[in-house]
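*Asks:* For the sequence shown, our numbering begins at 211 and goes up steadily by one.
You may find that some hints are simply not true.
Quick list of in silico lysine-lysine cross-link-like pairs, DSBU-like style, CA-CA up to 30 Å [stated by the list, open to error]:
id, residue 1, residue 2
1, LYS439, LYS387
2, LYS451, LYS503
3, LYS477, LYS514
4, LYS387, LYS431
5, LYS503, LYS485
6, LYS254, LYS226
7, LYS318, LYS271
8, LYS387, LYS254
9, LYS503, LYS477
10, LYS223, LYS271
11, LYS420, LYS387
12, LYS467, LYS430
13, LYS227, LYS254
Label-pair distances were calculated between CB atoms; the ranges are [said to hold, decoys possible]:
id, residue 1, residue 2, range
14, LYS420, ALA229, 50 to 56 Å
15, GLU385, ASN483, 25 to 31 Å
16, ILE225, GLU488, 42 to 48 Å
17, MET440, SER212, 22 to 28 Å
18, ASP290, PHE353, 26 to 32 Å
19, SER274, MET319, 25 to 31 Å
20, ASN302, ASP393, 20 to 26 Å
21, ASP393, SER482, 28 to 34 Å
22, LYS498, VAL434, 29 to 35 Å
23, HIS523, ASN466, 23 to 29 Å
24, LYS420, GLN233, 52 to 58 Å
Hints were generated in silico from the structure; no laboratory data involved.
Heads up, the beta-carbon is just placed ideally off N, CA and C, and yes, glycines get one too.
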Amino acid sequence: MSNNQTILDLAKKTIKKEADAVQNLVSLLSEDFSEAVNCIIASKGRVVITGIGKSAIIASKIVSTLNSTGTPAIFMHAADAIHGDLGTIQENDVVICISKSGGTPEIKMLVPLIKRGSNILIGMTGNTQSFLAQQADFVLNTFVDEEACPNNLAPTTSTTAQLVMGDALAICLLELKGFSSTDFAKYHPGGSLGKRLYLRVEDIANTNQKPQVNTETDIKKVIVEISEKMLGVTAVIENNKIVGVVTDGDIRRMLNKYDNINGLVAKDIMTSNPKTIETDVLAVNALKLMQEKGISQLIAVEGKNYKGIVHLHNLINEGIL
Numbered sequence: 211m212s213n214n215q216t217i218l219d220l221a222k223k224t225i226k227k228e229a230d231a232v233q234n235l236v237s238l239l240s241e242d243f244s245e246a247v248n249c250i251i252a253s254k255g256r257v258v259i260t261g262i263g264k265s266a267i268i269a270s271k272i273v274s275t276l277n278s279t280g281t282p283a284i285f286m287h288a289a290d291a292i293h294g295d296l297g298t299i300q301e302n303d304v305v306i307c308i309s310k311s312g313g314t315p316e317i318k319m320l321v322p323l324i325k326r327g328s329n330i331l332i333g334m335t336g337n338t339q340s341f342l343a344q345q346a347d348f349v350l351n352t353f354v355d356e357e358a359c360p361n362n363l364a365p366t367t368s369t370t371a372q373l374v375m376g377d378a379l380a381i382c383l384l385e386l387k388g389f390s391s392t393d394f395a396k397y398h399p400g401g402s403l404g405k406r407l408y409l410r411v412e413d414i415a416n417t418n419q420k421p422q423v424n425t426e427t428d429i430k431k432v433i434v435e436i437s438e439k440m441l442g443v444t445a446v447i448e449n450n451k452i453v454g455v456v457t458d459g460d461i462r463r464m465l466n467k468y469d470n471i472n473g474l475v476a477k478d479i480m481t482s483n484p485k486t487i488e489t490d491v492l493a494v495n496a497l498k499l500m501q502e503k504g505i506s507q508l509i510a511v512e513g514k515n516y517k518g519i520v521h522l523h524n525l526i527n528e529g530i531l
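Construct all of the structure, not just a fragment, from the sequences and the given hints.
*Replies:* Okay, here's the thing in structure tokens:
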């Protein structure tokens with residue numbers, strides 16, 4: 211067997227083990243999961259998530275997911291908690307403690323300190339007979355048969371199970387809270403994801419030049435207008451209304467059709483009834499329209515008023531495509 215094939219076989223075996231473990235989580239869900247979700251929804255505080263080792267890394271990721279989907283959360287490292295960070299937990303907070311074994315020294319020291327207050331404690335563990343499980347108000351069972359590690363030592367399958375359980379928790383909270391794509395945009399204003407959710411046509415059109423000619427504009431001036439405004443198109447205006455556009459394509463077709471372009475004006479070669487889009491429409495919808503129509507520019511309008519051009523390159527530069 212080649213070395214490459216051995217590598218692929220090992221990779222497949224790892225993925226299969228982790229996939230089986232994730233699938234098994236479905237059978238491990240219980241009323242405790244539902245009660246944990248309801249408890250978090252009813253809480254007036256945050257979700258404080260803690261753990262040690264690799265579980266702490268998973269806890270941090272779940273915190274990030276919750277925050278981005280409308281559930282305020284904060285990470286507290288279990289080791290730091292017993293050395294001063296326990297004050298992170300406020301009166302109305304719900305605490306989730308993540309531990310595969312549920313019985314590490316840090317967890318055994320931390321849990322009684324949490325229970326000393328009035329906070330609800332949710333334990334996420336692979337051992338339902340552990341110290342953590344026995345002390346928790348609700349238990350999220352993340353049991354796995356074995357780690358993907360051949361020595362059954364390195365946290366691999368178990369941390370994947372924890373991560374998936376955290377995602378299930380976040381999505382349930384998102385759905386029950388009615389968290390919408392608009393809400394999502396508020397928490398993700400940067401990057402391409404945020405732009406797909408909030409960037410509008412007017413935001414792009416306002417940054418571009420605004421090419422326009424009238425129906426009687428000499429064709430050479432039309433070419434200059436298209437060239438200078440660098441959008442590959444110009445709107446054709448008559449009586450303050452958009453009656454057509456002249457694109458780079460129209461220019462090429464004109465040159466193929468006419469040996470002599472002297473005397474030609476915009477209306478002779480323009481494309482009538484161009485595709486338009488309202489300025490308050492999301493830019494991602496402009497992209498969809500361009501893709502549907504096989505075009506690279508749209509006329510931005512506000513009612514019947516010409517506001518500018520949106521070009522495919524704008525959308526690419528913004529990271530929307």
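*Asks:* Each hint needs a verdict: does it hold in this structure or not?
*Replies:* Verification of the hints:
1. LYS439 <-> LYS387: violated (47 Å)
2. LYS451 <-> LYS503: holds (22 Å)
3. LYS477 <-> LYS514: holds (19 Å)
4. LYS387 <-> LYS431: Violated: LYS387 and LYS431 sit about 57 Å apart, past 30 Å.
5. LYS503 <-> LYS485: Holds, at roughly 9 Å.
6. LYS254 <-> LYS226: violated (41 Å)
7. LYS318 <-> LYS271: holds (23 Å)
8. LYS387 <-> LYS254: holds (14 Å)
9. LYS503 <-> LYS477: holds (22 Å)
10. LYS223 <-> LYS271: holds (25 Å)
11. LYS420 <-> LYS387: With a Cα-Cα distance of about 43 Å, the restraint between LYS420 and LYS387 is violated, given a limit of 30 Å.
12. LYS467 <-> LYS430: holds (16 Å)
13. LYS227 <-> LYS254: violated (39 Å)
14. LYS420 <-> ALA229: 50 to 56 Å: The hinted range 50 to 56 Å holds for LYS420 and ALA229, with Cβ atoms some 54 Å apart.
15. GLU385 <-> ASN483: 25 to 31 Å: Roughly 43 Å apart at Cβ, these two residues miss the hinted range, so it is violated.
16. ILE225 <-> GLU488: 42 to 48 Å: At roughly 46 Å between Cβ atoms, GLU488 and ILE225 fall inside 42 to 48 Å, so the hint holds.
17. MET440 <-> SER212: 22 to 28 Å: violated (53 Å)
18. ASP290 <-> PHE353: 26 to 32 Å: About 27 Å separates the Cβ atoms of ASP290 and PHE353, which means 26 to 32 Å holds.
19. SER274 <-> MET319: 25 to 31 Å: At roughly 26 Å between Cβ atoms, MET319 and SER274 fall inside 25 to 31 Å, so the hint holds.
20. ASN302 <-> ASP393: 20 to 26 Å: holds (22 Å)
21. ASP393 <-> SER482: 28 to 34 Å: violated (42 Å)
22. LYS498 <-> VAL434: 29 to 35 Å: This hint holds: roughly 32 Å between Cβ atoms.
23. HIS523 <-> ASN466: 23 to 29 Å: At roughly 25 Å between Cβ atoms, ASN466 and HIS523 fall inside 23 to 29 Å, so the hint holds.
24. LYS420 <-> GLN233: 52 to 58 Å: Given about 56 Å between the Cβ atoms, the range holds.
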